[in-house]
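Residue numbers (our numbering), protein chains in the order written: chain A, 3 to 321; chain B, 45 to 292.
Keep in mind the hints are simulated off the structure, nothing from the lab.
Values in this document were obtained by computation on a predicted structure and should not be read as measured data.
Just so you know, not all the hints are guaranteed correct.
Where chain A lies over chain B, by a calculated footprint (3+ residues, C-beta under 8 angstroms) [claimed, not checked]:
{"#": "1", "region": "170 to 184"}
{"#": "2", "region": "228 to 242"}
For lysine-lysine, the following DSS-like pairs were computed, each having C-alpha atoms within a straight-line distance of at most 27 angstroms [claimed, not checked]:
{"#": "3", "chain 1": "B", "residue 1": "Lys132", "chain 2": "A", "residue 2": "Lys146"}
{"#": "4", "chain 1": "A", "residue 1": "Lys293", "chain 2": "B", "residue 2": "Lys60"}
{"#": "5", "chain 1": "A", "residue 1": "Lys315", "chain 2": "B", "residue 2": "Lys263"}
{"#": "6", "chain 1": "B", "residue 1": "Lys290", "chain 2": "A", "residue 2": "Lys315"}
{"#": "7", "chain 1": "A", "residue 1": "Lys18", "chain 2": "B", "residue 2": "Lys290"}
{"#": "8", "chain 1": "A", "residue 1": "Lys278", "chain 2": "B", "residue 2": "Lys271"}
{"#": "9", "chain 1": "B", "residue 1": "Lys144", "chain 2": "A", "residue 2": "Lys146"}
{"#": "10", "chain 1": "A", "residue 1": "Lys85", "chain 2": "A", "residue 2": "Lys210"}
{"#": "11", "chain 1": "B", "residue 1": "Lys144", "chain 2": "A", "residue 2": "Lys183"}
{"#": "12", "chain 1": "B", "residue 1": "Lys290", "chain 2": "A", "residue 2": "Lys313"}
{"#": "13", "chain 1": "A", "residue 1": "Lys318", "chain 2": "B", "residue 2": "Lys271"}
{"#": "14", "chain 1": "A", "residue 1": "Lys131", "chain 2": "B", "residue 2": "Lys125"}
{"#": "15", "chain 1": "B", "residue 1": "Lys60", "chain 2": "B", "residue 2": "Lys290"}
{"#": "16", "chain 1": "A", "residue 1": "Lys131", "chain 2": "B", "residue 2": "Lys260"}
{"#": "17", "chain 1": "B", "residue 1": "Lys290", "chain 2": "A", "residue 2": "Lys309"}
{"#": "18", "chain 1": "A", "residue 1": "Lys278", "chain 2": "B", "residue 2": "Lys144"}
{"#": "19", "chain 1": "A", "residue 1": "Lys293", "chain 2": "B", "residue 2": "Lys96"}
{"#": "20", "chain 1": "A", "residue 1": "Lys278", "chain 2": "B", "residue 2": "Lys132"}
{"#": "21", "chain 1": "B", "residue 1": "Lys60", "chain 2": "A", "residue 2": "Lys84"}
{"#": "22", "chain 1": "B", "residue 1": "Lys132", "chain 2": "A", "residue 2": "Lys131"}
{"#": "23", "chain 1": "B", "residue 1": "Lys263", "chain 2": "A", "residue 2": "Lys293"}
{"#": "24", "chain 1": "A", "residue 1": "Lys278", "chain 2": "B", "residue 2": "Lys263"}
{"#": "25", "chain 1": "A", "residue 1": "Lys164", "chain 2": "B", "residue 2": "Lys290"}
{"#": "26", "chain 1": "B", "residue 1": "Lys68", "chain 2": "A", "residue 2": "Lys131"}
{"#": "27", "chain 1": "B", "residue 1": "Lys271", "chain 2": "A", "residue 2": "Lys181"}
{"#": "28", "chain 1": "A", "residue 1": "Lys309", "chain 2": "B", "residue 2": "Lys68"}
Beta-carbon label-pair distances, calculated as ranges [to be verified]:
{"#": "29", "chain 1": "B", "residue 1": "Ile69", "chain 2": "A", "residue 2": "Asp198", "range": "51 to 61 angstroms"}
{"#": "30", "chain 1": "A", "residue 1": "Val171", "chain 2": "B", "residue 2": "Leu228", "range": "24 to 34 angstroms"}
{"#": "31", "chain 1": "B", "residue 1": "Asn97", "chain 2": "A", "residue 2": "Ala190", "range": "44 to 54 angstroms"}
{"#": "32", "chain 1": "A", "residue 1": "Asp286", "chain 2": "B", "residue 2": "Asn193", "range": "52 to 62 angstroms"}
{"#": "33", "chain 1": "A", "residue 1": "Asp286", "chain 2": "B", "residue 2": "Asp227", "range": "23 to 33 angstroms"}
{"#": "34", "chain 1": "A", "residue 1": "Met238", "chain 2": "B", "residue 2": "Gly204", "range": "15 to 25 angstroms"}
Glycine is no exception: its CB is placed at the ideal position from the N, C-alpha and C atoms.
If you want the building blocks of each chain, they are given just below.
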Amino acid sequence: MAIIVYAESQNGKFKKSAFEAVSYGRALANESNKNLVVISINADDPNELANYGPDKVLSVKDSSMNDYTAQVYADTISELSKKEGVSILVLSSSADSKYMSPLLAVQLGAGLASNVVSTPISISPLVVKRSCFTNKAFNHTTLKGSINIICVSNNSYGIHEKESRPEVVDVKISKNNPKIKVESLDKATGSVSIADADIVISGGRGLKGPENWHLIEDLASTLGAATACSKPVSDMGWRPHSEHVGQTGKPVASNLYIAIGVSGAIQHLAGINASKVKVVINNDPEAPFFKAADYGIVADAFDVVPKLIEKLKAFKSHQ
Amino acid sequence: MNILVCISNVPDTTSKINFVENDKIFDTNGVQFIINPNDEFGLTRAIWFQQKNQATVTVVTVGEISCEPILRKCLAIGANKAVRIDSKALDGFSVAEQLKSLCEKESFDIIICGRESIDYNGGMVPGMLAQMLEMPFVTNCISMDVNGNEVIAKREIDGGVETLSCSLPIVIGAQKGLVEESDLIIPNMRGIMQARQKPLDVVAPANSFSKSSVDKFEKPPAKGSVKLVDPDNIDELISLLHNEAKVI
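Extracted from the complex, chain A is given alone in its bound form (with noise of 0.2 angstroms):
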C-alpha cells in the first residue's frame, strides 16, 4: 500500500502547491510506515521532487496531456494509482485538483474530502480537518472508504524540504479518449493569481471608481501580489468578477491580505478568513474589518496607499 500524491505542474514547472502537497504525504508516510509515490505529469524535471521525499517518482510525458483536461487527468492518476495499491491520495486545492477530485473519487470508489487544513487528526480510522461554511468554522470528517482522497488547502501545511533519492521511473499511459476539447485559454500573463498568492491587495468601494485602481495595481506589483476586489466592486463592472473574493467569489487563502477601503462585510471575510496575516486601511474606523484584523490603520487610502508603496520601494531596495 502507498500513499499517492499528484504534483501539479503548469507549463512544465512544479507549482508550489506541489511542493506543499508532496510535503503533506510525506508527513502522512510516515505516520502510516507506507511508501511515498508522486506523480508527475509534463513536468520538465521530475527530480525536483527529490527534495521534498518522495520514494518513488512516475514521470508521464505526453503531449496529448499538454491540455489540461480533468476526465483525462483523472483516468491517467487513478490508473496509476490503482497499480500502485493506493490507499491515499493527496492533490492540493487548485482549481483543477479539485475539477478532478470527485471524478477521481468515483472511479477509485473513494471517500474525498476537500479543504483539508492539518495533517490528520487520526490516521486509522482516518479523520481529517476541513474547513466549511466558508471559511466560518471546521468539520472532522471521517473517510470510510478503502481507498480516500485528500485535498490539502493552499499554505496550510506548508512546504517541507526533505531529500530523498527516489527512483524515478518514466510511464507511458494507455490511449484516452476525452469528452471535451481545450479551445483555447486565455490567460492574464505577468500577473499573479490569486489562488496561487503569497500576498493579496484588495480594493474595495471606498477606492470611489475604476479609475483609482493604479493604487491597488501598484501596491501589488511593488509587492509581488495579485490584485482582488470586494463583491460590489466586481458587481458595478469596476473590476472582473475573476476579482471578487468572498462567500460567493474566489477563497483567499495567502500569507498576507491587505484590505483597502474594504468595510469586511461578514460574506467577505468569510471568503478571506483562511489567510494569515490581515491588514485593512479604512477611514471609517467603525468598519466590521477592523475587528478581523491583525493591522490597521484608519485613514484616507488616498493619503496613506502612496505613502506606502513610496516605503515599501525603500524598504525592498534595501534587502
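Use these hints to put chain B onto chain A, whose structure you have.
Chain B only, in chain A's frame:
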C-alpha cells in the same frame, strides 16, 4: 431541451454559524435558509434557456420536508416542476447517487449544479454525478452556449479563463458569471401564485451509502484585537509585517 437543476438548501450568507450538542450539530435556531447562491446562478441560466429555447426546467433537492420552501421558491422563479428526494443528505457521494437514480429515470440534456455549496464547501456532487453518468463535466462554469447538440462553455481557472467544447448531455458546476447578480430573478406575485399549482413530487430515496461522515465542528479561535498603526508612521507597519508577522 430538458434541464435539471440540483438545488442545495443552505444557511443565508449573513448567518451566524454556531453549533449545539457538543459541537456535533449546526444550530439552525434563527437561521434563514436560502437557495445555495451557486445553484441560483445555474437556475437563472436554465430559466433563460426555458424562455429562449422552450426548455423544461426541473429542480431537485435531496433533503427532508424542511427543504420544500426553497423548492417552491425555485418554482416561483420559473422552474416547471420540482422533485424532492426524501432522504437526509448524508455526504457528497450519497447525494450524487440519489441524483444519478433520478437522471437514469428521466433523460436530461443539461444537468446544472452549483460548483459547491456554501455550507459544506465540498464541491463534490457535480463531478461525482458526471463521472457516475459518464457525461462531460465543466465546473467553475462562467458561460455556456448551446447550438444544436454542441456546447461551448467557459471555465474560470486560476488566473484566467478556458474555453471548452463538447456535446450534450453535459453536467455543469455553476458559479457567478454564468449569469450576473443583476440577472437573478426575484419572484413576483404571479410567480408565487403559480408556484402553488406546479408539481412538487416527493420520491423515495434509492439505496445509497455514504463514504464520509462529519463527526464534529469547531470554530476558528477568537482573534486578538487589531494593532492600529498611526497613518504618519508607515515605517512601523512595514517593520511589523517584516519582523513580527514575517510576511514581507
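Hints and how they fare:
no.	hint	in the structure
1	170 to 184	holds (count 12)
2	228 to 242	violated (count 0)
3	B/Lys132 x A/Lys146	holds, 18 angstroms
4	A/Lys293 x B/Lys60	holds, 15 angstroms
5	A/Lys315 x B/Lys263	violated, 38 angstroms
6	B/Lys290 x A/Lys315	holds, 17 angstroms
7	A/Lys18 x B/Lys290	holds, 19 angstroms
8	A/Lys278 x B/Lys271	holds, 15 angstroms
9	B/Lys144 x A/Lys146	holds, 21 angstroms
10	A/Lys85 x A/Lys210	violated, 57 angstroms
11	B/Lys144 x A/Lys183	holds, 24 angstroms
12	B/Lys290 x A/Lys313	holds, 17 angstroms
13	A/Lys318 x B/Lys271	holds, 23 angstroms
14	A/Lys131 x B/Lys125	violated, 38 angstroms
15	B/Lys60 x B/Lys290	violated, 32 angstroms
16	A/Lys131 x B/Lys260	holds, 10 angstroms
17	B/Lys290 x A/Lys309	holds, 21 angstroms
18	A/Lys278 x B/Lys144	violated, 40 angstroms
19	A/Lys293 x B/Lys96	violated, 47 angstroms
20	A/Lys278 x B/Lys132	violated, 35 angstroms
21	B/Lys60 x A/Lys84	violated, 43 angstroms
22	B/Lys132 x A/Lys131	holds, 22 angstroms
23	B/Lys263 x A/Lys293	holds, 16 angstroms
24	A/Lys278 x B/Lys263	holds, 16 angstroms
25	A/Lys164 x B/Lys290	holds, 23 angstroms
26	B/Lys68 x A/Lys131	holds, 14 angstroms
27	B/Lys271 x A/Lys181	violated, 53 angstroms
28	A/Lys309 x B/Lys68	violated, 49 angstroms
29	B/Ile69 x A/Asp198: 51 to 61 angstroms	violated, 37 angstroms
30	A/Val171 x B/Leu228: 24 to 34 angstroms	violated, 51 angstroms
31	B/Asn97 x A/Ala190: 44 to 54 angstroms	violated, 34 angstroms
32	A/Asp286 x B/Asn193: 52 to 62 angstroms	holds, 54 angstroms
33	A/Asp286 x B/Asp227: 23 to 33 angstroms	holds, 31 angstroms
34	A/Met238 x B/Gly204: 15 to 25 angstroms	holds, 23 angstroms
Violated hints, listed in ascending order, are 2, 5, 10, 14, 15, 18, 19, 20, 21, 27, 28, 29, 30 and 31; each of the other numbered hints is respected by the structure.
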